[in-house]
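All chains should be built: construct the whole structure from the sequences, respecting the hints.
Chain residues, written in single-letter form:
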Amino acid sequence: QKEVEQDPGPLSVPEGAIVSLNCTYSNSAFQYFMWYRQYSRKGPELLMYTYSSGNKEDGRFTAQVDKSSKYISLFIRDSQPSDSATYLCAMSGYGNKLVFGAGTILRVKS
Amino acid sequence: NAGVTQTPKFQVLKTGQSMTLQCAQDMNHNSMYWYRQDPGMGLRLIYYSASEGTTDKGEVPNGYNVSRLNKREFSLRLESAAPSQTSVYFCASSGPGGGSVIYTQYFGPGTRLTVL
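Protein chains in written order, with the numbering used here: chain A, 1 to 110; chain B, 1 to 116.
Since the hints were derived computationally from the structure, they do not count as laboratory data. We put the beta carbon where it would ideally sit given N, CA and C, even for glycine. Misleading hints may appear alongside valid ones.
Unchecked claim - Dumping the calculated DSS-like pairs for lysine-lysine here, alpha-carbon to alpha-carbon at most 25 Å:
no., chain 1, residue 1, chain 2, residue 2
1, A, Lys97, A, Lys67
2, A, Lys109, A, Lys42
3, B, Lys71, B, Lys57
4, A, Lys56, A, Lys70
5, A, Lys42, B, Lys9
6, A, Lys97, B, Lys57
7, B, Lys57, A, Lys2
8, B, Lys57, B, Lys9
9, B, Lys71, A, Lys97
10, A, Lys56, A, Lys67
11, A, Lys70, A, Lys97
12, B, Lys9, B, Lys71
Unchecked claim - If you anchor each label on the Cβ, the simulated ranges turn out as follows:
no., chain 1, residue 1, chain 2, residue 2, range
13, A, Lys42, B, Ser80, 28 to 34 Å
14, B, Arg44, A, Ser52, 25 to 31 Å
15, A, Arg60, B, Arg77, 38 to 44 Å
16, A, Arg60, B, Pro39, 25 to 31 Å
17, A, Gly93, B, Thr15, 35 to 41 Å
18, A, Gly59, B, Gly16, 45 to 51 Å
19, B, Leu116, A, Gly9, 29 to 35 Å
20, B, Gly3, A, Lys67, 28 to 34 Å
As structure tokens, then:
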């Protein structure tokens, strides 16, 4: 079993929809949780960063962490075609190494 | 402020050839990383350097070597390329330093390598 599981999709939604992207993990030592966005043929870019449990909002994006369930989510409100990308969850404990999910491909149709 | 830069952007090798991928960062980060990305596999860590002068193996180190040349530069070498090393290679760096948040990693644009 992988340390971090992420549904690869692809997930296809109409413009304006609310998108929910999720990851589950097995290592209870993880404390830092991130979401990266990767456009086609580009490097991943950091989108959201949270520490421990709770919610964090940034514009149309909300990251949630539920450590008791070992489950993290990224919500995108009012999705736009420009949100079409691969979304990677990543997490770490008290070291510098990150463990990544396989990534979910999102397509927002106009 | 260029962030993380990688050279070359593309490379085609024949089986058995060697090459070095170059990476540099200007964010004054202590830690640097090399990943490979394959379809359906996500990002897998090859090697990392927690600080200047140290390197450690990641999840998939076989067939690769690294050099942390100084705080800015971290290179990845394929001594004898194999078709299984066809992949997209990403370099990343992380803080503290340069105002970045610790433990988050910042990525370069990648090198697309094909081994025939």
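Point to revise | Hinted pair A/Lys42 and B/Lys9, Cα distance within 25 Å | key: 11 Å, holds
Exercise for review: Verify the proposed pairing of A/Lys56 with A/Lys70, using a straight-line Cα cut of 25 Å.
Suggested key: OK: A/Lys56 and A/Lys70 at ~17 Å, within 25 Å.
Point to revise | Distance restraint between A/Lys70 and A/Lys97, which requires alpha-carbon spacing of 25 Å or less | key: Holds, at about 18 Å.
Point to revise | Distance restraint hint 35 to 41 Å, applied to the beta-carbon atoms of A/Gly93 and B/Thr15 | key: 38 Å, holds
Exercise for review: Could you see if the CB distance from A/Arg60 to B/Arg77 stays within 38 to 44 Å?
Suggested key: 42 Å, holds
Exercise for review: Take the C-alpha atoms of A/Lys97 and A/Lys67, compute the straight-line distance between them, and say whether it is at most 25 Å.
Suggested key: Holds: A/Lys97 and A/Lys67 sit about 19 Å apart, inside 25 Å.
**Study point:** Range agreement (Cβ of A/Lys67 with Cβ of B/Gly3, hint 28 to 34 Å)
**Key:** For B/Gly3 and A/Lys67 the Cβ distance comes to about 31 Å; the hint holds.
Exercise for review: Please test the hint of 25 to 31 Å on the beta carbon pair from A/Arg60 and B/Pro39.
Suggested key: Cβ of A/Arg60 to Cβ of B/Pro39: about 28 Å, so the range 25 to 31 Å holds.
Point to revise | Restraint check for A/Lys109 with A/Lys42, where alpha carbons must lie at most 25 Å apart | key: 21 Å, holds
**Study point:** Satisfaction of hint between A/Lys97 and B/Lys71, Cα-Cα up to 25 Å
**Key:** 18 Å, holds
**Study point:** Hint consistency between A/Lys56 and A/Lys67 [alpha-carbon to alpha-carbon, up to 25 Å]
**Key:** 14 Å, holds
Review point. Straight-line Cα separation of B/Lys57 and B/Lys9 no greater than 25 Å?
Key: Satisfied, since the Cα-Cα distance of roughly 24 Å is no more than 25 Å.
Checked against the numbered hints given earlier, the structure satisfies every one of them.
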